[in-house]
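**Q** Letter by letter, the chains look like this.
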Amino acid sequence: MQAAETFHNPLFEAFKGLGNVLADPRLSFTLAVVGLLLMLKFRRLVFNWWVGSAVLILEAVIIGISMLDYNFKLIVGKPDNVPITIMLFLTTITFWLAMVQAVNNERRAEQKLPPEEKETSQQKTWVWPDLLYIEFIAMIICSIALIVWAIYLRAPLEEPANPSATPNPSKAPWYFLGLQEMLVYYDAWYAGVVLPLIIIAGLMAIPYIDTNPKGNGYYTFAERKFSITLFLVGYLALWVFMIVTGTFLRGPGWNFFGPFEYWDPHKVVALNNVNLSDYAWIVIFPKIARATGIEWFNQGLPVVNNVVPQLLPPDFGSMRAFVYEVGQACKREFAGILFLALYFLALPGVLAKTWLRKFYEQMDVVRYAVLVGLVLTMGTLPLKMICRWVLNLKYFVDTPWIKF
Amino acid sequence: MRNQPETQHVYNIPRLNWWFLISSAVFVLCFALMIWVDYSGGSIPLLGLKGDRKWKPYQREFYELEKKRLAADAQAAEIRAQEQGLDKLRADEKQLNEQLAARRDDLAQAQQEAARQKVRADRITREFTMEKATRDEVRSFLEAALARNRENPDSDEVREWRFKVETQNEKVAKLELEKQLHDAKHAEAQAAVAALVGAREEVERSIKRLLAGKTIITKRLDQLSSPLVQAVVNAPVAEFASGTYRVEQIVAEKHHVNVNFTTVPRVDRCITCHKGIESKDLTPEEKSWREKHQLEVIEWSDLAQPLRSHPQLDLFVSETSPHPMSKFGCTSCHWGWDRETDFSRAGHTPDAVVKRPYRVNEKTKLWEPAADDATAEAATGKTALMTQRDAWKENYDWYHEHYNLQPMREQQYVQASCLKCHSQETHLRGAEKLDHGRRLIEQLGCWSCHKMKQIESYSVHVVGAGESLEEICRSYDVNPDDVRRLNGLSQNVSLNIGRELQIPIRTLRNPGPSLYKVATKTDKEWTRKWLADPVAFRPNTYMPKFWGLDNNKGTPERNTVEMNAITEFLFTVSQTPATPPPPVKGDAGKGQALVMELGCLGCHVVDENLLDLKAPKDLAQYMDDWEYRRARSQGPQLAGTGSKTTVNWLYAWLKDPHAYHPKTKMPSLRLSDQEAADVAEYLVGQRHAKTDAEKLPAPDANVLRAVTLEYLQVTLPRKQAEEKLNDLDSFIEMYFADPETMKYFTDPARLAREEARLKALQQEYEETFDDAVQAKADALTTAIKRVKDQIVAAQKRAATLDATQKQNVFLGSKLIQHYGCYACHEIHGFETAKPIGAELTEWGSKTINKLDFGLLEMEHDRIAWLKQKLRAPRSYDNDRVGITRSPQELLKMPKFSLTEEQIDQIVTVVTGMTDEKLTADEPRKLTPAEHTIERGRWAVKELNCVGCHQIEGKGWAIRGTGIPPGMEPPMISGTPTQLRQGQRTQPDWLFHFLKAPQTGQVRPWLKARMPTFGLSDAEANLLVKYFAYEGRAQFPYVTPQYNSDPVHLAAGHQLFDQLKCALCHIVEGKALGKPLAEIPAEDLPRLAPNLSLAAKRLQRDWLINRWLPEPLAQVPGTRMPQFEYGATIAPHVLGGDGKKQREALVDYMLSLGAAADRPPVNAGPQHTSNPAVTEQPGEVKLK
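One line per chain: the protein sequences are A and B, in this order. The C-terminal residue of the first sequence carries number 404 in the working numbering, and the numbering is unbroken. The C-terminal residue of the second sequence carries number 11183 in the working numbering, and the numbering is unbroken.
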């Protein structure tokens, strides 16, 4: 496509090929999470001005070189997507700034010095002229930036909205792309309603769960490794990364495209996702039947009809039908139910004895339960992503009423 | 920063001041830049910026031109005024002024006096008005007092007020007298002044009147030319009030654009740049007048875009045209983004990708099309070969705006837009490309596979109060059942007021011949050759090619098997009525002469190449080449007939075409046995040598088996399919039954149901002994028996076939279904099958992403796709055949042999078929009369009347076939001022003539024969009505009665003899003084119509008022002399009164043939109803 406008060079082609391979979510997501954890582990090496600047420069150089490619330029240069590109840099800078400070304070603590912020917090500043003047100048400069941006990058106008022919890809505003990405892995009810509510409620609950006074008023990492790692994984890997993916890598048909790939609306991807119950009843049980000779294992998927209790006449017979269907559903989905029960009910106990022992001991049961509930709920996203990629898994539990 | 005392600043304030200064300055600059971008139409190359108001420079250019035009107009007005005596008036004024100067004192005195009198009069008037008002006030108080004191009208209060009113009345009366006095005095004083200056004022007024036009022009010119005014009104921000430069728009209320959620009126801003669009060029007289006076002349039609005027102002844009811009806007025809003023986003679409020379205009620096001779200069650098697209990219940074759902139509397809409102009209003069495309689609039969509502057109009737379906249908003269079917109405429907009913206009006929009896017409060998390559046999055929195309040329064995299977199927199920040899021996030479003279060539060609056919020069005023070709290709080319069919079939066909195919367009020419035998003999001698010599490969039995198996596997698993391969009876039996019985094969349970019903009836009868039930049961028994017999017979017939034949019949039936052959041909067994093509009614609105471009490397453009589809319909399968597409998944559209021009015409139609919703007024609603005219035109087109006659100024193709002058069939109707059939003949006569032309014999000497079309009463009626409405004749007409007064008739007789009418006209079987049979052939063209028929045939009014006074105007080139009736030719007959003479002549003529059939009735209007037509829609009004 568009051969005439593309820059050709064998080295560049190799670079693009590598980019396309790396962008594959299976790889990029794993790299992002593992990379983040490694960076936090070797923070003393990584978080300093040299590496920070090098990363920023590298980012800029990679994007700059990539702009030579027509398809990349088309997507990144879209007026809509400019803020996301800017966000890439801003996230790096803010993340680095905070971590550099945290590492710095860690070193000072080793020398028995108080955090740097403690010293600067003793100072006093004039509101006028110092504070207001600098704010005013900053305001003017921001206005200049916005005006220049508006003059050179016109607000994009597209065709009139058409309910019967939505644009392909149909994308949410950039700040919702994380949610939209979740729709791929969850039932719409969960990804669109339940999980956002849990996220909001969870963020609101933080002050009540996290009563640790350390880090108040100064940057630190060493003193609260778990909390910050958890937050960074949630924010950077599960939110920012999803937005970037949704913006640059999701193309027509919500298919994945490498950053240098042409967004072909006719791209065909073989997708045949199955539920956990399929694995249980169709793959594993027949094997057991063959091994043991017990015919019961050969019965195949139990049939579940969608009986909606609200629509039934209020007589016992219909209620019985509903109960029967629920039973059937439980039978069919027993593997998923079992798995989720272990995940949400047994795992907290195990964690309380092992990894989260410290928290369990410091907190009362309710707060511990809320914390673990939130952490595990967040954990289902990478879990589901990995299961989808590896096993083509659609749902753990798929009943007519509840899908997870 | 650390350890600083609290009183010190954190920042260096003087440095911040600098920061503040610089950032503020940059901010102000950016702000100014923002305003500039919003205001200007220019560019700042240094910053890579372009102003948003790109239309401003165009408007500036327009105003420069307008200033020139206004200046010229002002000068012209001055000159015109001078021509009308301005100089003399000015001289008069001067003279009068001088005279007045001499009496200056008198004038001053008189004026002074007049002023004094005016002051007085004014003062009195004021007093008078005041007192009158006071009187009104006290009157109202008096009335109030009276109301309060109704019991006691003599109370003090009433008396007091009455007194006041009386006093006031006196005052007013007094003042009124005084006022009149002073007014008179004032008038007198003024008269004195007027006596002195009146003459001069009169002259001044005349001068003003002469220069009134110039004054208006000058005012506008001053406004436009004043730099100060322009600078103020067009200053940034201030310009919103009354700037000269502004976005201009037309709101086309009735033409909506679909924005998906709703439709909104089009708001066309095109005129913001195209400001000169409705500027008319000067008339040639005006132009030469201005040139004579050396005034500036602006040719708006010669300007470069965007200021050029519309090329067809008489039809579009101008207020007096049928499509004024104020009502239709621009985008309702041109499309494009109506509210947009940016060049690319407005949807400007360049013309087809054809390179042509362009040249840079030194003044504007734009690439403009150069004259074609510039090709040679292409290398000089100033000119280059480029497409319009390239030029636009250079000039306007054009890019394809893919969000635009309705980009403008390419110039060459703009006629497509006519279709959305005018689809009901049979002919669209001025949109020839579209029209030709529609004709092609009708002929090729595109519509028979692809539904296209615009082709099978209808008119819309809005139901009024109290109208019933039957009444409406009667007024349109259409069959209520057709209307019910078209609108999906039930039998007894009551119509709501305001409901829009679709009234059908056209009935389309299958484009291909019936194949019910194909076995009698031709043989299998020829059929297979024909299927293999129809064009090889007949270069201009409309039969498309299905095999040997892009996606199946690689499988010749399969193609042979497929063609053979279809042929075998057709011949196996064909009916075979006997076609005995002609009873007499034919003579090919005589046959050829007959084909030449009978008029066959009006519809057929023998061996001329149709595509190269050109209308002869003398026909140019009646038909262009295209129309000539269209008329001559009504029937198939006759060359090669002998290779295709036999003399027996031809003889039977010629004697009665409708016996072979009841719906054929071929009429009967009432040939005698000998004539038919001659023509058949001649035609059968026309052989196609190449086809005769061609040898086809035999079908391969293995391939046949394989393909049959493939089709069996569509419904059966492979194993069963293989079993069925040798047991196909159950699949093919149905084709040997009649269509009625076929249902029982496709629905095997049907027979069981009928039998159950029979059983139930019989039971019912046993219980009730009802005779009606018994009768029903008996009928059912017979029917069931018939069906059973049929089934058995069909099974028997199927069983007689051998295995290969069975496979062929099975495969043939599947292939006919697969390729949809039945859409064009009548094929036994496929009477109710649905056409296989996709509906194209809204194709013009289809988006590009719904088109499959396959693996072809081509531009992704709708028109490019469509053209490629028509050129090589199967090419989108290229590189897929056998790889990703199995044989049954391949594209099926056949290839028609079309020229590029024809493809363009079809593209115009198909892109015009859109989903655009029109508001209530559109599409044009036809009145019943207009509806009849459209249906009549359609019928005339279907019957190809213009092959032989001239109708509505078009036709006479037969004159191009070598028919001697004077021997051609007559003109029926010409241009609107010429002869109209509806005015000339009586409806009765025309009706019967159309039904049975042999009874007419108006021009018995003509060799060309009016055919018998086998019209039904309704069809003949429609034509009669059409001619009446089209001729603006009253309908039904008054049957002409003539004045049978012997004296009157005697005068007519005298004139008849004197003018020697009987010399040319046939009267009582004689002309030129001898019986018809004795007239030598070279004299035949001198003959004139049979006057003995006039009484029954012609309209008296037309003869008297139109024909006799001006035969040449009626029928240009007629040999009928134009006599000067009246005193010139016969001063003493009927007192030399021309009108009376014509009446007498006509009445005498009408008496000639009338005596036998109709007793003459003395003059006086008498209305008789016409047996052919009964309703009376009244006066016909046409646009």
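You may find that some hints are simply not true.
Some chain B residues well away from chain A (every beta-carbon gap over 10 Å; in silico) [stated by the list, open to error]:
(1) Met10034
(2) Asp10092
(3) Ala10519
(4) Pro10667
(5) Gly10820
Below, computed lysine to aspartate or glutamate pairings styled on EDC-like, alpha-carbon distance capped at 16 Å [as the list claims (entries may be wrong)]:
(6) A:Lys78 / B:Glu10188
(7) B:Lys10185 / B:Glu10253
(8) B:Lys10054 / B:Asp10342
(9) A:Lys267 / B:Asp10852
(10) B:Lys10054 / B:Glu10066
(11) A:Lys118 / A:Glu135
(12) B:Lys10846 / A:Asp264
(13) B:Lys10355 / B:Asp10342
(14) B:Lys10690 / B:Glu10675
(15) B:Lys10867 / B:Asp10852
(16) B:Lys10453 / B:Asp10852
(17) B:Lys10850 / A:Glu106
Derived DEER-like restraints, expressed as beta-carbon distance ranges [to be verified]:
(18) A:Leu183 / B:Glu10723: 21 to 29 Å
(19) A:Val193 / B:Ser10326: 37 to 45 Å
(20) A:Leu183 / B:Pro10556: 47 to 55 Å
(21) B:Ser10730 / A:Ile294: 41 to 49 Å
(22) A:Ala155 / B:Val10251: 41 to 49 Å
(23) A:Ala155 / B:Glu10362: 49 to 57 Å
(24) B:Asp10747 / A:Leu27: 41 to 49 Å
(25) B:Glu10239 / A:Lys73: 35 to 43 Å
(26) A:Leu183 / B:Asn10726: 54 to 62 Å
(27) B:Arg10485 / A:Lys267: 51 to 59 Å
(28) B:Thr10847 / A:Val193: 53 to 61 Å
(29) B:Glu10239 / A:Asp264: 44 to 52 Å
Worth flagging that the hints you see were computed from the coordinates, not collected in a lab. Yeah, the Cβ is synthetic: ideal placement off N, Cα and C, and Gly gets one too.
**Q** Does the structure break any of the earlier hints, and which numbers would those be?
**A** Violated: hints 1, 6, 7, 10, 11, 12, 13, 14, 16, 17, 18, 19, 22, 23, 24, 27, 28.
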